[in-house]
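A.B. asks: On the provided structure of chain A, position chain B as indicated by the hints.
Number of protein chains: 2
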Amino acid sequence: MSDKKIILTGDRPTGKLHLGHYVGSLQNRVKLQSTHTQYVMIADQQALTDNADNPQKIIDAIFDVLLDYLAVGIDPKQTTIFAQSGIPQISELAFYYLNLVTVARLSRNPTIKDEIKQRGFEESIPAGFLVYPVHQAADITIVNAQLVPVGADQLPMIEQTNEIVRSFNRIYGSVFNEVEALIPEKCSRLMGTNGQEKMSKSLNNAIYLADDADTVSKKVMGMYTDPNHLRASDPGRVEGNPVFTYLDTFGTDTQKIQDLKDHYTRGGLGDVVVKKYLNEVLQEFLTPIRTRRKEFEGNQDLLKTILKQGTQDVRTIAEQTIKKVKTAIGLTYI
Amino acid sequence: MSDKKIILTGDRPTGKLHLGHYVGSLQNRVKLQSTHTQYVMIADQQALTDNADNPQKIIDAIFDVLLDYLAVGIDPKQTTIFAQSGIPQISELAFYYLNLVTVARLSRNPTIKDEIKQRGFEESIPAGFLVYPVHQAADITIVNAQLVPVGADQLPMIEQTNEIVRSFNRIYGSVFNEVEALIPEKCSRLMGTNGQEKMSKSLNNAIYLADDADTVSKKVMGMYTDPNHLRASDPGRVEGNPVFTYLDTFGTDTQKIQDLKDHYTRGGLGDVVVKKYLNEVLQEFLTPIRTRRKEFEGNQDLLKTILKQGTQDVRTIAEQTIKKVKTAIGLTYI
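Chains as they are written, first to last, in this note's numbering: chain A, 4 to 337; chain B, 4 to 337.
Extracted from the complex, chain A is given alone in its bound form (with noise of 0.2 angstroms):
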């Protein structure tokens, strides 16, 4: 056994990851796997909660997601990449989970409160989507993971699965441990494009992984700035300043960063200047991850045997979990 800590964290394939995932959570991932025993979950199966009827949509993104996960730097060698539907176990395990949560309970958690919100489900919540974070501790608890990734948004979930653990633990014997959410040291959101709040795909304001020279360079040409910066020799505010804002997120050169903010601050800096140098900026940031890419692309057969591989992995770390959750209920008979 490795002393290591178990890290369980995952995306729900939905499209495309944009810089914003990055920021949140990929570079966090890429460091974190050396120093952890880390698994990443494709959740296609929670992906379905809310998309049932356009299946088409999650299959699609699974391969696009893991080629985004390999070109940042995610390292199969190193880190555990599955996806859900392929642990069979998770789901089990959820439905014995379920016996232990009651559905006021459920209604109440915050993070699936808003969620449903968003989604403007009404009175048609899917009972799959009310679920869903029972589920989760299914997905987090079956790999034995010690600490979870999230934003401070996600705690609720986080909590949820410790009393899951804890019902479990008290009425048929310590199996499993509770969960640490790891929240990342500094802000891990990413401002849109547009100068929204967040990045997202549904906001259109994403600039993608995969996202070409060109297509990069457009969209950071045509970037949000300081609205009221209408003439070059205007002063011009740098805070909620998205181009400054992903300057300071990718750009290396902090003093040249710097001078550019004092300028264009007092006056007499023109946003095509300092667009211009951040297209540089994320350019070179990206050429290693499109070096990465490449070698990937096109080899189907690689990315099928590398999800396949670490799915095989975890299943086999299931199968043991589930064991011991049956023997601890009592259900030996089989």
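Calculated directly from the structure, the hints in this document are not laboratory data.
Keep in mind that a hint or two might mislead.
Identical chains share a label here; the pair holds if one copy fits it or two copies do between them.
Said to hold, decoys possible - Below 25 angstroms or equal to it, Euclidean Cα-Cα: the simulated DSS-like pairs (lysine-lysine) are: (1) Lys326 <-> Lys60; (2) Lys326 <-> Lys311; (3) Lys311 <-> Lys278; (4) Lys297 <-> Lys204; (5) Lys8 <-> Lys279; (6) Lys222 <-> Lys279; (7) Lys8 <-> Lys201; (8) Lys7 <-> Lys327; (9) Lys327 <-> Lys307; (10) Lys307 <-> Lys329; (11) Lys201 <-> Lys329.
Just so you know, these numbers come straight off a predicted model, no measurement behind them.
C.D. replies: Just chain B now, kept in the frame of chain A:
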């Protein structure tokens, strides 16, 4: 492929089975097994939905129920008996189904509403309990059942299953057939020994298939009759009198039973005489059941083998079904 229609039926293992179970379902299963492909499921997972904190009750009951099945003549060569917890594909399938049903629809299910009231859950409904009709739809469809024997009060469960089947087929392509309820021809509910409408463990008015001769005799001699039939000479009522109901159900000498009824109605026939005759009838009915029970009792290995073999057979079918399901959804990359 056999031309026989496929039946799924079963019981929650929460205790030994009694004469009410025999009348309501077991006798029917013994008949149907030669003309149908019959699966009988011991629903241990479902029993846990409202017994999560008392698993031992369920575990203890599993082999009691199996022994009752074998004792009444359910033949493992003709009927596949299996444990629900041995088929993880049911939970897996149920999670795909949960996306096709709204929380509101589940809350409206009349059977569930009644059961929630009976169990006094009030605001603390376990999520697993609310969603068990969806799990049940998976039980039924995982073996491609065409017929499900149910009482009239269980019809909403069949309707829920068919709604799910229709949604699934519409979205993902035709995978499942709709199922039909198989409602018994004659009244299938046996009253309790105390004259209450239903024989039930919780009402403490049951004669168990496993009761020995003395216990049956004592229960019969203590049965409720016509409360106005105080002396043997008084005229007595046959309707609502469980002693006569049981004679009608388990007796074979219809002429003798009719004579007793006539005599009782006009007066001059004491309860004790009728009860002694009912005791004879029941002991005779139970004799072959006791003989078969003896063959299996004490042979724990054989019981385990029967349950394991049945479960293994169903798992093979369940694996085929889940493969079809995943192919239909498009989850074919693992």
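A.B. asks: Hint by hint, note whether the structure agrees.
C.D. replies: Verification of the supplied hints:
Taking the closest pair of Cα atoms, Lys326 and Lys60 come within 25 angstroms of each other only across two copies (20 angstroms); inside a single copy the shortest separation is 34 angstroms, beyond that limit. For the identical chains of this complex, Lys326 and Lys311 are neighbours both inside a copy (22 angstroms) and across copies (16 angstroms), given an alpha-carbon limit of 25 angstroms. In this assembly of identical chains, Lys311 and Lys278 lie within 25 angstroms of each other by CA distance neither inside one copy nor across copies; the values are 42 angstroms within and 68 angstroms between. Only within a single protomer do Lys297 and Lys204 lie at most 25 angstroms apart by alpha-carbon distance; the minimum there is 23 angstroms, versus 68 angstroms between protomers.
Taking CA atoms no more than 25 angstroms apart as the test, Lys8 paired with Lys279 passes in neither setting, with 42 angstroms inside one copy and 72 angstroms between copies. For the identical chains of this complex, Lys222 and Lys279 are intra-copy neighbours only, at 11 angstroms inside a copy versus 93 angstroms across copies, given an alpha-carbon limit of 25 angstroms. For a Cα distance limit of 25 angstroms, the shortest separation of Lys8 from Lys201 qualifies neither inside one copy, at 30 angstroms, nor across copies, at 56 angstroms. Proximity of Lys7 to Lys327 under the C-alpha cut-off of 25 angstroms is restricted to the intra-copy arrangement: shortest distance 22 angstroms within a copy versus 39 angstroms between copies.
Proximity of Lys327 to Lys307 under the C-alpha cut-off of 25 angstroms is restricted to the inter-copy arrangement: shortest distance 20 angstroms between copies versus 30 angstroms within a copy. With identical chains, the CA atoms of Lys307 and Lys329 are at most 25 angstroms apart between copies only, with a shortest distance of 17 angstroms across copies and 32 angstroms within one. Taking the shortest Cα distances, Lys201 and Lys329 never come within 25 angstroms of each other, neither inside one copy (43 angstroms) nor across copies (34 angstroms).
Taken one by one, the earlier hints fail for this structure at numbers 3, 5, 7, 11, listed in ascending order.
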